[in-house]
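S.K.: Chain by chain, the residues:
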Amino acid sequence: MRAIDIHTHPLLRDDHRGRAGAAQLIGRAKANGIEHIVALGDVLGFGRKPTEAQIRRINDETAWLMKSHAGYVTGFCYLNPLLGERAVGREVDRCVARGFRGIKLEIANNARDACMRPVMAAARQNGLVVLQHAWSMTKIRQRGFHTDPEDAALLARRFPEVRIIMAHLTGCGVRGVLAVKDCDNLSVDTSGAAPEEGIVEYAVEQLGADRVLYGSDVPIRDFAVALARVTGAKLDAATRRKILRDNARALLKLP
Amino acid sequence: MNYFDANTWIGRWPFAFLAAHTAGSLAGHLARQGIGRALVSPLDAVFAPEPGPANRALLRAVRNSGKLEPVPVINPALANWREELAACASDPRVRAVRVLPRYHHYRLGAPAVGGLVRELGRLRLRLIVQIRLIDERHEFHAMNLKPVPAGELGTFLRNHPALPVLAGGLLRRELLSLAPKHPRLIADLSWAEWHDTVPHLLESVPARQLAFATHTPFLVTAAGRAKLDTAAIPFSKRTAIAGANLEQFLSHETKSDRR
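So the sequence lines, in the order shown, correspond to chains A and B.
Okay, so the first sequence: first residue is 1 according to the working numbering, each after it adds one.
Okay, so the second sequence: first residue is 1001 according to the working numbering, each after it adds one.
Please keep in mind that the hints were generated in silico from the structure rather than gathered at the bench.
There may be inaccurate statements among the hints.
Each pair of labels, with its calculated beta carbon distance range [as the list claims (entries may be wrong)]:
1) A/249 - B/1137: 55 to 65 Å
2) B/1093 - A/71: 38 to 48 Å
3) B/1137 - A/157: 19 to 29 Å
Take a look, some chain B residues computed to stay more than 10 Å from chain A by CB distance [claimed, not checked]:
4) 1028
5) 1092
6) 1139
7) 1217
8) 1248
For every residue, glycine included, the Cβ atom is placed at its ideal position computed from N, Cα and C.
Could you put together the complete structure from these sequences and hints?
M.R.: As structure tokens, then:
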């Protein structure tokens, strides 16, 4: 079994593992059959609204990972859309020049907010994939800055030419899958929460096998557990292969 | 490796697309995952007005299964809990009962729980506290259920320092906050997760306090196996966690001793 992990955070301040720990994590990824990872940065390392300098620091760390593990790590440029068009543009240019292939958005703002326009324009202009954190807000009262699947769907409809990954299938749930069903430019990753039974199968049934991507969210989660969400699901071998590897490979244009 | 699963359920859960296992389908499913034995409780006991009918159905359902060990659900907030416990305890296969404090609307500090602990001691039955059944962020939108707070379980354990307790459904941080302080606590692994889950837990918690569990059908069974199978730990610790700790917890003495 080979896999591409679309959702990892090899460096995380919270767990004090540092750069040596990131290397160990990548070693474990390889031991689990993961042939490539997407590094999204330590997105909450400075709180939910990082400054421009903090954003640069996080993306510099991702660039270091890409350089240290050349060919194994793809970087996504972490952004705080609240910093405005100029700051967003500067950081996207800096990251694109260093080979980043996507944009990561967390909980600085909701994906429906107007501040997303320059972010999505930069994604369109540079051919970048946008990975948007999302979670069903039915029990979490934070929708002012926390993206619900309905907000991710709205983003996808507003920017149909940008490829979007809605993170955390398990957190988005059945309601989330249904919310994004008609958004052909939006895929979901399988990360989020504990490995709840049935949700991967449901996503495949509703969205099709081409719109589901394996993601772990390590180090918060365990590679083996995250992979078992897919390998332990009632899916045929071709569908599993798409989720684990082929869909991400096509999306990231990997060799 | 002898896998003895500390946390499985039969019956139907109305709020998610989960397998509604019978005893037969659960035993078959676990066998296909390489899990030889399991503790099993009835989902019908969670929302029923009282758990008696579901417990009776559970005991009937597993009567021919050597692989599924029944764990009835007791609700000490109801007036009939002693009667229900006595009925369950009369079945020689029952070695433990499970309580669901938040689903049954009481706290572990309630006087009735103290009474239950005393009665369990008299009957030589073990206590399993289910902290959560599902992620509280994913509860049905019209329900307002929270897990048992770690602090509440910690107070309960402090008040009963000699009582062996198996806690089902502790998150990693909850497990790490409780297990080192309470040596008689055994934590099932079903909800605990980190990038190297088991070695990470073993840095702070002795292996004897951890028990393999899949929380089937709520969680992907294979994920529970994978968590332990891929852990780089000594064989002796793997064996203990896979099943020996749970067996030791349950078999503090032979069944005949409690007659």
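S.K.: Would you mind marking each hint as holding or not holding in the structure?
M.R.: Here is what the structure says about each hint:
A hinted range of 55 to 65 Å for the beta carbons of residue 249 of chain A and residue 1137 of chain B is inconsistent with their spacing of about 31 Å. A beta carbon spacing of about 57 Å between residue 1093 of chain B and residue 71 of chain A contradicts the range 38 to 48 Å that was offered as a hint. For residue 1137 of chain B and residue 157 of chain A, the Cβ-Cβ distance of about 26 Å falls inside the hinted range of 19 to 29 Å, so the restraint holds. The Cβ of residue 1028 of chain B sits about 14 Å from the closest Cβ of chain A, beyond the 10 Å cut-off, so the non-interface label holds.
In this structure residue 1092 of chain B is separated from chain A by more than 10 Å, as the shortest Cβ-Cβ distance comes to about 32 Å. Remark: the non-interface label on residue 1139 of chain B conflicts with the geometry, its nearest Cβ contact in chain A lying 6 Å away (cut-off 10 Å). A beta-carbon of chain A is positioned within 10 Å of the beta-carbon of residue 1217 of chain B; the least distance is around 5 Å. No beta-carbon of chain A comes within 10 Å of the beta-carbon of residue 1248 of chain B; the shortest separation is about 26 Å.
In this structure, the hints that do not hold are numbers 1, 2, 6 and 7, in rising order.
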